[in-house]
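Q: Sequences listed follow chains R and S, in order.
Quick note on this note's numbering: the first sequence kicks off at 700 and runs consecutively.
Quick note on this note's numbering: the second sequence kicks off at 700 and runs consecutively.
Think of the hints as simulated: they come from the structure by calculation, not from any bench.
Heads up, some of the hints might be wrong.
Any copy, or any two copies together, can satisfy a pair, since identical chains are not distinguished.
Said to hold, decoys possible - In silico PhoX-like links for lysine-lysine, alpha-carbon gap of 20 angstroms or less: (1) K831 <-> K848; (2) K792 <-> K770; (3) K855 <-> K770; (4) K831 <-> K770; (5) K900 <-> K848.
It should be emphasised that the depicted structure is a prediction, and the values quoted were computed from it without experimental measurement.
Number of protein chains: 2
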Amino acid sequence: MRYELYYWPTLQGRGELVRLALEDAGEGYLDVARLPARAGLGMPAMMRLLSGEAVACPPFAPPFLRIAGSKQLLAQTANILLFLGPRLGLVPKREASRFWAHQLQLTIADWLVEVHDTHHPIAVGLYYEEQKRPAKQRSANFCAERLTKYLGYFEKIISSNPGWNGGLVGRATSYVDLSMFQMIAGLRYAFPHTMSELEPKHPGLVALHDRISARPRIDTYLKSKRRVPFNQSGIFRHYPELDLPR
Amino acid sequence: MRYELYYWPTLQGRGELVRLALEDAGEGYLDVARLPARAGLGMPAMMRLLSGEAVACPPFAPPFLRIAGSKQLLAQTANILLFLGPRLGLVPKREASRFWAHQLQLTIADWLVEVHDTHHPIAVGLYYEEQKRPAKQRSANFCAERLTKYLGYFEKIISSNPGWNGGLVGRATSYVDLSMFQMIAGLRYAFPHTMSELEPKHPGLVALHDRISARPRIDTYLKSKRRVPFNQSGIFRHYPELDLPR
Chain R
700 MRYELYYWPT LQGRGELVRL ALEDAGEGYL DVARLPARAG LGMPAMMRLL SGEAVACPPF
760 APPFLRIAGS KQLLAQTANI LLFLGPRLGL VPKREASRFW AHQLQLTIAD WLVEVHDTHH
820 PIAVGLYYEE QKRPAKQRSA NFCAERLTKY LGYFEKIISS NPGWNGGLVG RATSYVDLSM
880 FQMIAGLRYA FPHTMSELEP KHPGLVALHD RISARPRIDT YLKSKRRVPF NQSGIFRHYP
940 ELDLPR
Chain S
700 MRYELYYWPT LQGRGELVRL ALEDAGEGYL DVARLPARAG LGMPAMMRLL SGEAVACPPF
760 APPFLRIAGS KQLLAQTANI LLFLGPRLGL VPKREASRFW AHQLQLTIAD WLVEVHDTHH
820 PIAVGLYYEE QKRPAKQRSA NFCAERLTKY LGYFEKIISS NPGWNGGLVG RATSYVDLSM
880 FQMIAGLRYA FPHTMSELEP KHPGLVALHD RISARPRIDT YLKSKRRVPF NQSGIFRHYP
940 ELDLPR
C-alpha cells in the first residue's frame, strides 16, 4: 500500500475527510489503528508514532499519514488533503485553484471545530455530561447564527463557481466537495431539526451531498464496514437537547 | 505595493501573523483597513470585498490578501503564509519542508482558536461579560492542560530540529518562528502568572521569542505605530480572573 492512515479507530472524526478522498479515488490504504495489534498494527502502532520517539516531524494529533518511501509523517487534515489532492486527481491543476481549494478546506476545518465545541465548550478532556449547561448555550448560538453563516457562505460559493458543475471548486469533483458531503451528513445526524429547517434555503449544498453520496466508490464505501457509523464519540453527536426543538 | 492586507484595524488578531512575515522580510504592504476611508481605503474598502460582491473567491473572514496582478483574494492565515513563505524567503525550498512548516502553522492555528475561546467559550457574537463563568472554567482547563501540551510539543520540535538553529523548521528563520514569537508574546500578555510558571520548562521557546524580537526589522516594527498594541478586543486578552492565581 502506498498510504497508511492513522486515526482513532472507533470514530469518523477528522480522519473521515481523508478516508473519503482515498476511497473516492479508489486508492488502497491501510487504516492502521483499526487493524490487529497482533499484526504489529492497531492502536499500539499509532501510539508509538504519536509519542514521537524516533519520528521525523512528529504530529501533534491524529490524523496523520505515512507515505511509502518517505520517513516524514504528514499531519493536519487540511495539509494531508493539500498533499493528496493533486496525487488523487481531486483538485484542479492551476496553482491558484489549489490555494482556493485549500482556503475552503481550512474554512471547513474551522467549522468542524465549532461543531465539536457545541458538545465540548469547556474542555476536550471532560465528558459531555460535565459541560451540558454551557453546551446547550453554545449549541443554541451555533444553530441560530454560526451554522447559517457557514451554510450561506458555502451555498454562495457553489452558486458562483464559474465551473458551473454544482461543486465548490472548478469543473470536477474535488476533495472539498467530499468534505462538504461529510459536513452535511454529520450535521443531519447531530442537528436533524435544525437542518430540516435550514436545508430548503441551501439547495446547492443538499444537491452536492446527494451527488457525492451517489458516486459509485463512495456509495460502496458508505455501505461497507470501512465506514465507521456516526456515534456519540465523534465530532458529530446527536444529543436531542442540543438541537432546535421540533 | 505588491500586497494589500485586509484585517480588522484595531486589533492584532490573526492578521498579526501575516504582518510579522511581511515586516521581517522588509516587504512593503498596505494595511488597508487602517488607512483613511476618504482615500478609498479603510474599513469600507474591506467590507466591500468581504461582502463578496463581484469578488472571485470571496473570503469567509479576514485576514485576506490582495496580490498585485491577481484578481483572486487569498484568505485563511495559514494559507496566506503558505503562499508568502517561499516568496519572502521564510521557508526552506524542499517541498517536504514546506508541508512540515505548514503543518506546524496549522497546529498554531488550532492553538490560537483555543486561546480565543478561553474568553469566548459560548459565542463569538456575545461579550465576554456574558460568558464569564464558562470562560473561567475553560481558562482553568486551558492553563492546566492544553497550554502545557502545546508548549511541550513545540519545545520538543525545537530541540529535535536537525537544523540546530533553535528554530522550528530548517536552518533559517521561518514564518513559523515568527508566529511562535507572537504566541509567546500574546500568552505572556494574557496569562502572565501561568506563563511565568511554565516558561522555565520551555527554554527553547523563550530563546526563540527573544531571538525573533531582536531581529532588526522586527525590533523596528514592534516599536513603530504599525504594531497595534495588545488590547482587550484581540485574541490575547488579559482578564486577571482567567489567569492562574499568583
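Q: Now look at each hint and say whether the structure bears it out.
A: Taking the hints in turn, this is what the structure says about them:
Within a single copy, K831 and K848 get their C-alpha atoms no closer than 24 angstroms, and across copies no closer than 25 angstroms, so neither meets the 20 angstroms cut-off. Taking CA atoms no more than 20 angstroms apart as the test, K792 paired with K770 passes between copies only; the shortest distance there is 18 angstroms, against 27 angstroms inside one copy. For a Cα distance limit of 20 angstroms, the shortest separation of K855 from K770 across copies, 18 angstroms, qualifies, whereas the shortest one inside one copy, 41 angstroms, does not. In this homomeric assembly, K831 and K770 never come within 20 angstroms of each other (Cα to Cα): the closest approach is 43 angstroms inside a single copy and 46 angstroms across copies.
Taking the shortest Cα distances, K900 and K848 sit within 20 angstroms of each other inside one copy (12 angstroms), while across copies they are farther apart (42 angstroms).
Of the hints listed earlier, those the structure fails to meet are numbers 1, 4, in rising order.
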